[in-house]
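**Student:** Each chain, letter by letter, is given below.
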Amino acid sequence: MEFGPHLMLAALEGAVISAILVLTAMGLSIVFGVMRVVNVAHGEFFMLGAVLTWFVATTIGGHPALGFVAALLIAPVLVGCLAAFADRLILKRINYDPDRTIVATIGMLYIIQQTTLMTFGPEARPVPPPFNTRLSLPWFEWGEEGFALFWPWGLSITTYKLFVIAAAATVLVGLWVLLTKTKIGLIMRATQQDSETAQAFGVPVGRVYSWVFGLGAGLAALGAVLVVPIQQAHYLMGGDPLLLAFIVVIIGGLGSLPGTVIAALLIGMSDGIISVFFSPTLAKIIATLLVAMVLVFRPQGLLGKKPS
Amino acid sequence: MAAVSILETKGLTKIYGGLAANEDVDFVLARGKITALIGPNGAGKSTFVGMLSGRIEATRGQVFFEGRDISHLPAHKRIQLGLAYTFQITSVFPGLSVYDNVGLAAGRLLAGKPNLHAAKAAEVLARVGLTDRADQIASDLSYGHQRVLEIAMGLAQDPKLFILDEPTQGLAESEIADFMALIQGLAGDTTILLIEHNMRVVMEVADYITVLDGGRTLASGTPEEVRANAAVQAAYLGTGVDA
Amino acid sequence: MTAHGKSWVLHGGVLALLFALFFVLPTYHSGQLSRIMVLAIYAMGFNILFGYTGLLSLGHAMFFAAGMYGFGLTVNLAGFPMPVAFLFAILVAAALALVAGGLALRTAGVSFMIVTLMFAQAAYLVVLYFGEYTRGDEGFVVAREGRMIAGIDLSTDAGRYFCAWVLFGVCFLALAKLIKLPFGKRLIAIRENEERARMLGYDTSRYKLMAFVTSGAVSGMAGATYGLLFGYVGASFAAVPYSIFPLLWVLLGGAGTTIGPLIGVFFMFYLIDISSGYTNAYMLIAGLVLVLLTLFAPQGLAGSLRQKVMPWLP
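Chains as they are written, first to last, in my numbering: chain W, 1 to 308; chain Z, 1 to 243; chain X, 1 to 314.
These are calculated hints, taken from the structure and not from any lab test.
Keep in mind it's a predicted model, so treat the numbers as computed, not measured.
Take the hints with a grain of salt, since some may be wrong.
[Said to hold, decoys possible] A few chain Z residues facing chain X, derived, Cβ under 8 Å:
{"id": "1", "residue": "Pro40"}
{"id": "2", "residue": "Gly42"}
{"id": "3", "residue": "Gln80"}
{"id": "4", "residue": "Phe93"}
{"id": "5", "residue": "Gly95"}
{"id": "6", "residue": "Asp100"}
{"id": "7", "residue": "Leu104"}
{"id": "8", "residue": "Ala105"}
{"id": "9", "residue": "Ala111"}
[As the list claims (entries may be wrong)] BS3-like mimics (lysine-lysine), calculated; alpha carbons at most 30 Å apart, straight line:
{"id": "10", "chain 1": "X", "residue 1": "Lys177", "chain 2": "Z", "residue 2": "Lys77"}
{"id": "11", "chain 1": "Z", "residue 1": "Lys113", "chain 2": "X", "residue 2": "Lys177"}
{"id": "12", "chain 1": "Z", "residue 1": "Lys10", "chain 2": "Z", "residue 2": "Lys77"}
{"id": "13", "chain 1": "Z", "residue 1": "Lys77", "chain 2": "X", "residue 2": "Lys185"}
{"id": "14", "chain 1": "X", "residue 1": "Lys180", "chain 2": "Z", "residue 2": "Lys113"}
{"id": "15", "chain 1": "Z", "residue 1": "Lys113", "chain 2": "X", "residue 2": "Lys185"}
{"id": "16", "chain 1": "X", "residue 1": "Lys308", "chain 2": "X", "residue 2": "Lys177"}
{"id": "17", "chain 1": "X", "residue 1": "Lys180", "chain 2": "Z", "residue 2": "Lys77"}
[As the list claims (entries may be wrong)] Anything over 12 Å on all C-beta distances counts as not near chain X; from chain W, calculated:
{"id": "18", "residue": "Phe55"}
{"id": "19", "residue": "Ala104"}
{"id": "20", "residue": "Gln114"}
{"id": "21", "residue": "Ile273"}
Glycine included, each C-beta is placed from N, C-alpha and C at the ideal position.
The whole structure should be built from the sequences, with the hints applied where relevant.
**Tutor:** Right, dumping it as structure tokens:
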């Protein structure tokens with residue numbers, strides 16, 4: 001393949017990565033924004049979403065679309081409820097003290113991951129996509145006869161991947177409406193601004209926290225449901241999304257939602273493009289160090305405003 | 001002011017997001033005397049002493065300590081020159097013993113000399129009446145005793161200039177009397193700058209008073225001069241001191 | 001007896017007990033105990049920063065690994081004599097700590113944890129990237145001549161045990177001394193109230209960096225000792241779990257106590273050792289212990305002892 005079509009292919013792969021990443025990172029960002037909690041177990045909620053999808057799909061059987069739709073409805077809700085329960089059981093009792101919360105979520109990480117290993121097993125398990133037609137994509141060139149379209153071999157994308165991009169965009173719009181146009185969003189923003197004042201005005205802060213923690217985990221699980229037909233379910237699959245989501249949230253400015261979306265697109269696209277052209281390990285080293293430097297020298301994130 | 005100065009500021013200004021907490025404050029602090037800084041809430045008193053001690057970075061202006069420009073020194077360097085600072089909100093080492101708290105305060109100068117160090121800590125504890133509680137954990141002390149401990153930590157540094165931000169806040173009457181005696185005993189060797197709301201304390205112990213209002217100096221002088229100042233009466237004292 | 005006296009009796013007693021145990025325990029357990037002592041050095045290094053200075057690093061595996069690879073690679077590839085390689089390894093870890101600490105300490109709180117985590121992640125990836133030399137996850141065996149000193153073979157049971165005992169003892173006593181020195185007191189002051197310490201005239205940034213470098217160097221020494229005594233160097237020692245382990249050990253044993261790290265490593269090691277006999281999901285135990293500790297015993301074992309019955313515990 002020539003460079004042009006190759007780049008386009010990489011960009012499309014990047015868009016799919018971005019779509020999943022934006023959901024995962026949004027979950028992390030909302031939880032940090034509202035609760036000031038750094039949830040190290042976030043990647044495990046993602047993994048749980050994937051494993052539950054496999055479980056639902058194989059239990060239901062029949063046409064792949066049936067199981068997929070069921071998983072789309074069940075997995076995020078179940079994972080969200082589990083997270084809300086964990087919030088009640090653990091985080092609430094340690095008063096969201098920053099150090100202890102980190103330690104507790106590290107503990108939750110291992111509990112979820114290892115329990116999955118004991119029940120689900122160490123194998124990677126595939127889930128068939130609900131639909132998967134391969135679409136060839138055209139490329140253009142300026143030939144002797146002027147502008148011409150042609151279909152290079154290998155330049156294609158599946159309908160399922162297009163669906164993932166569209167689905168993520170839809171969820172994002174829904175989330176934006178929820179946060180800015182509804183009373184739920186208002187309550188969340190009030191809690192984020194000043195939880196004590198919100199409490200004084202009758203906002204049940206404790207319950208809001210549980211819901212927010214559940215919502216964050218649910219978003220990660222939703223991203224995982226979408227990714228399983230592309231990437232298999234495995235008990236260790238939570239590590240990379242966690243790291244990438246962290247990177248996104250940091251670059252976007254801790255707790256800033258628009259920043260998170262832009263950063264997710266940026267990171268997802270560059271991840272897609274870089275991994276096509278460079279050694280993935282070297283790319284990861286550079287990316288990790290760059291992100292650490294952002295935190296050190298520009299803690300408000302690349303896109304955040306400097307506090308006055 | 002006739003006395004020799006230990007500290008001066010020129011045009012000291014702090015602006016928070018467009019609002020001036022202090023604006024062009026020119027201030028002279030007399031050596032060896034007790035000066036009280038008064039003014040209504042929000043007058044910029046804490047911001048001002050924060051800029052003297054280096055806790056708060058000035059937007060512009062200069063601070064001179066013993067003739068030396070310290071405007072750009074970090075807080076710990078200023079403390080090393082002989083400033084001591086007590087916080088408005090009690091700030092001790094909560095998990096350490098009273099003795100260790102005072103020991104740490106004395107330790108910067110005396111850490112290399114264990115005997116002198118221990119003697120200093122014991123002397124300061126005796127002076128403020130905390131000797132019996134030397135082994136108690138600071139967070140177990142009553143509020144009043146924690147305030148006294150904080151003052152003891154200031155004393156242990158043998159400061160040339162001792163800045164106290166509302167030291168009598170929350171103290172009982174008897175504790176306030178002890179405090180005043182302590183402060184008056186220090187004056188002479190040590191220069192004292194006091195932010196204080198309790199007018200009885202101010203009028204009794206202060207040699208000089210500076211009034212801040214709206215981030216600017218409204219008046220400076222002896223208690224009598226300040227009391228007689230029409231602007232001060234209008235802005236502030238009219239409601240309080242003579243009543 | 002004074003608190004000071006009790007403290008030395010305790011430290012001396014622990015070391016005497018560990019010395020005697022070698023002659024009592026079956027080989028399997030004395031082997032485990034030598035591993036525990038080496039890992040306790042690592043935990044003590046971590047404790048300097050976390051327990052005494054109040055800084056939670058989530059990336060200490062990079063220092064452990066720096067010591068381990070600094071030792072193993074120089075022995076195997078450069079043919080350094082053992083003591084030189086050992087000192088070199090500590091220097092490498094200290095230098096890494098100076099750079100990583102200098103940068104990470106510009107942040108605080110949650111950002112500090114994430115920055116240290118990311119540095120460690122980068123270090124782990126560097127180990128994988130240079131797989132030609134490090135042999136990546138597979139790791140390599142340290143050459144036999146690198147495991148001898150003055151004719152004593154440190155790969156035998158006794159050689160290994162007593163070398164671990166000596167190095168552990170040196171660190172154990174040095175740490176107990178350190179926290180009684182003005183330097184140690186000042187670190188504790190920073191943990192208790194950094195702003196107050198600064199306003200007493202202490203350059204807290206410098207003290208934090210010194211604590212970070214000391215902590216990194218001790219952790220690096222633990223890594224080099226591990227390579228020296230067990231003869232294996234691998235990338236898994238640079239991965240995230242090896243940054244979490246010292247936190248777990250120190251929390252379990254009691255942060256900010258001299259004896260806590262040893263207790264924590266001992267209990268955690270045997271918990272995992274026993275449970276790994278039943279399931280391959282033994283990290284579940286680590287997770288449960290972390291959560292239960294934060295919920296019910298944030299002071300850890302030695303910390304609770306200090307609170308309730310032994311206030312003199314250093």
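**Student:** Take the hints in turn and mark each one as holding or not.
**Tutor:** Going down the list of hints, with the structure as the test:
| no. | hint | in the structure |
| --- | --- | --- |
| 1 | Pro40 | violated (26 Å) |
| 2 | Gly42 | violated (23 Å) |
| 3 | Gln80 | holds (5 Å) |
| 4 | Phe93 | holds (4 Å) |
| 5 | Gly95 | holds (5 Å) |
| 6 | Asp100 | holds (7 Å) |
| 7 | Leu104 | holds (5 Å) |
| 8 | Ala105 | holds (5 Å) |
| 9 | Ala111 | holds (4 Å) |
| 10 | Lys177(X) <-> Lys77(Z) | holds (28 Å) |
| 11 | Lys113(Z) <-> Lys177(X) | holds (17 Å) |
| 12 | Lys10(Z) <-> Lys77(Z) | holds (20 Å) |
| 13 | Lys77(Z) <-> Lys185(X) | holds (20 Å) |
| 14 | Lys180(X) <-> Lys113(Z) | holds (14 Å) |
| 15 | Lys113(Z) <-> Lys185(X) | holds (15 Å) |
| 16 | Lys308(X) <-> Lys177(X) | holds (24 Å) |
| 17 | Lys180(X) <-> Lys77(Z) | holds (25 Å) |
| 18 | Phe55 | holds (18 Å) |
| 19 | Ala104 | violated (4 Å) |
| 20 | Gln114 | violated (4 Å) |
| 21 | Ile273 | holds (19 Å) |
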